[in-house]
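Novice: Based on the provided sequences and hints, a complete structural model is requested.
What follows is each chain in one-letter form.
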Amino acid sequence: MSEAVEVKTLIIDDREVSGRRGQTILEVARENDIQIPTLCHLDGLSEVGACRLCLVEIKGNSKLLPACVATISEGMEVSTHTERLQKHRRTILELLFAERNHICSVCVANGNCELQALGQSQGLTHVRLPYRNPDLHVDASHERFTVDHNRCILCTRCVRVCAEIEGAHVWDVMGRGINSLVITDLNDPWGDSSCTRCGKCVQVCPTGALFDKSKVGTEHPKHPDFLPYLNMMREAQ
Amino acid sequence: MSQTITIDPVTRLEGHGKITIQLDAQGNVADAHFHVTQVRGFEKFSEGRPFYEMPSLMARICGICPVSHLVASAKACEAIMSVRIPHTAAQLRRMLNLAQMVQSHALSFFHLSSPDLLLGLDSDPANRHIFGVVAARPELGRAGIALRRFGQHIIELLGNKRIHPGWVVPGGVTEPLSPAKRDEILAMIPEAYTNIKLAIEWYRKVADSFKPEIEVFANFPSLFMGLINEDESIEFTDGALRLIDAQGNILEDGITANRFTEAIGEAVEPYSYTKFAYYKPLGYPEGSYRVGPLARLNIARSMGTPLADVELAAFKQLAPGPVQGSFHYHHARLVDMLYGIEKIEQILTDPLILDKHVRATAGVNRLEGAGQAEAPRGTLMHNYKVDENGLITWANLVIATGQNNNAMNRGVLQAARHYIKDGKFTEGILNRVEAVVRTFDPCLSCSTHAFGQMPLALSLLSAEGQLLDHVTR
Chain W
1 MSEAVEVKTL IIDDREVSGR RGQTILEVAR ENDIQIPTLC HLDGLSEVGA CRLCLVEIKG
61 NSKLLPACVA TISEGMEVST HTERLQKHRR TILELLFAER NHICSVCVAN GNCELQALGQ
121 SQGLTHVRLP YRNPDLHVDA SHERFTVDHN RCILCTRCVR VCAEIEGAHV WDVMGRGINS
181 LVITDLNDPW GDSSCTRCGK CVQVCPTGAL FDKSKVGTEH PKHPDFLPYL NMMREAQ
Chain Y
1 MSQTITIDPV TRLEGHGKIT IQLDAQGNVA DAHFHVTQVR GFEKFSEGRP FYEMPSLMAR
61 ICGICPVSHL VASAKACEAI MSVRIPHTAA QLRRMLNLAQ MVQSHALSFF HLSSPDLLLG
121 LDSDPANRHI FGVVAARPEL GRAGIALRRF GQHIIELLGN KRIHPGWVVP GGVTEPLSPA
181 KRDEILAMIP EAYTNIKLAI EWYRKVADSF KPEIEVFANF PSLFMGLINE DESIEFTDGA
241 LRLIDAQGNI LEDGITANRF TEAIGEAVEP YSYTKFAYYK PLGYPEGSYR VGPLARLNIA
301 RSMGTPLADV ELAAFKQLAP GPVQGSFHYH HARLVDMLYG IEKIEQILTD PLILDKHVRA
361 TAGVNRLEGA GQAEAPRGTL MHNYKVDENG LITWANLVIA TGQNNNAMNR GVLQAARHYI
421 KDGKFTEGIL NRVEAVVRTF DPCLSCSTHA FGQMPLALSL LSAEGQLLDH VTR
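Protein chains in written order, with this note's numbering: chain W, 1 to 237; chain Y, 1 to 473.
Hints listed in this document are in silico derivations from the structure and should not be mistaken for laboratory results. It cannot be assumed that every hint is accurate.
To be verified - Simulated coverage check for chain Y against chain W, where a stretch passes if three residues somewhere in it have a Cβ under 8 Å from a Cβ of chain W: (1) 43-54; (2) 164-173; (3) 379-391.
Note that the structure is a prediction, hence the values are computed from the model and not measured. Heads up, the beta-carbon is just placed ideally off N, CA and C, and yes, glycines get one too.
Specialist: Pasting the structure below:
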């Protein structure tokens, strides 16, 4: 006899919804067409809860919880778009824009960038913080791809896709806090690394940090939607 | 007591700068300078960027002639890639560059200079602008605005954006031309002819009344440089450079982009952020030369299009050798525009213009590359060095305004000496000094690769350096 599915009912944005035990708030919200902004989350990859854009308010809990990792419970009352949350989300985006050099007009991801799209959808009109303008390098040593650290937001999608899906674990994170950098192997040039040249990291990168060398201007749409299918096919085997 | 006049900012220019006129103890002009007062540093901050990003990065130098930067930059990148772009891509780029020339010339001639030409250099400054032109001669104002729109709309159709189109890339262009867009451009051409003919006829009538200005507006012998084709016809996008002397003798011919720096050097003066280009064998400042519409018509033997050839023949009647008066830049600009419209029409009838093969691809095959093109206001050259991964290690841009810089400074001095006597001057006289600079249609933001507040100013200083008068608009 199969294990009975344990159903939890809860309220998200004044709507009664239900989900299976162990599901995250984000999963249940999206199943019910309630949109919560995300950046480090990607369907098909493990969660890290790093970007904090998906923070939600839970009634009776003074802390804000990231919807991508917080699981649902019976009777939970969740708010996803309060004024407080919107303010936090805008501040997070401002911090991201101020941290490195995000110049949309000359970026290869212009028009196809998740950070840019979030800035627009969250009503970000100004960055109130001083820009840090760090002097970060571009690694163009790889035959097919380039990494521009100026545009990296440290979401670690590349690290996760390389380790979890490709199984190569070429990408990792070096350093701490604001000085962190994604690196290939032990901080070797990408072109000299053990990279399998599969290109998954480029496809899942939400900004123009990882890009295909043959793409210039604004012609670089990315296709991270292949991941769930890839996982599904693997599970079927 | 001597004094200095400062015109700050100089108005109706693209970008901002100022003019200072130094008077001696008798109140006559001792010296005059045209200063470009901002620095931007595009050459520096492009270091470390992938070379194929350069066209879109460099186009941001200016919103008036981004296409010239796109083209010169893409050509420099193609030299690094060592590729020859498909014929159709070359033709499409040529059309884009001509469309930009037409719109930029329309801006210079109608929006910036026609107020002086139509309403008079001494007219009330409160009305001396494009709206004043529209009020006085609606059909002329309308023609100018329509010609600008003609060029802008072609840029938008080809590149999906009026300003900073991302369509030109190293190796060609990103998208072929669709039949619908070709037909839309062809449909705009008859109106463009009507408008440019109206402007040429009107200019012909008024030009004679500016004889005194023609005499002293940067009117002196100089060298001239511009792009031409092998058949000695005018060229904006490909071809090679020719340099002639004041008598019209050819000093250098077939200067390709990779030879540019063999022939041309850049000097620096303490009073301006814009460099001063010169022909190396003659040194600085003797080797200073002029570029742009006047230079192009002085160099070319033909325009290569029937209507513009008639106008070129008429232009060549202005002087026995090269035309030296910079006031005639206005005239040359109109001939350029007529040529541009005709050439766009010719390009659209090219049987291969709708071909789908519009891009060549390659990696880094050389560590240095240069590209040149004619911007509306003159020759433009981009030169890059890269490492083996294609990251820029060094960049140099030689801009038309830098190549005209010495002539503009000499012209300002010439006009100031002529008009300002005994320390006396009027607003109309200062406007004439500004108008000398306007004939060149300099782009100050390009020339310093600079940004900041608009536009230009003039100051009058005493021999002791005391500010006597200052004109700001």
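Novice: Counting residues of the region 379-391 of chain Y that have a beta-carbon nearer than 8 Å to any beta-carbon of chain W, does the count reach 3?
Specialist: With 3 residues close enough to chain W, the hint holds.
Novice: At a Cβ distance under 8 Å, does chain W reach at least three residues of the region 164-173 of chain Y?
Specialist: With 5 residues close enough to chain W, the hint holds.
Novice: Given as covered by chain W, does the region 43-54 of chain Y meet the bar of three residues or more with CB within less than 8 Å?
Specialist: holds (count 5)
Every hint from the earlier list agrees with this structure, and none is contradicted.
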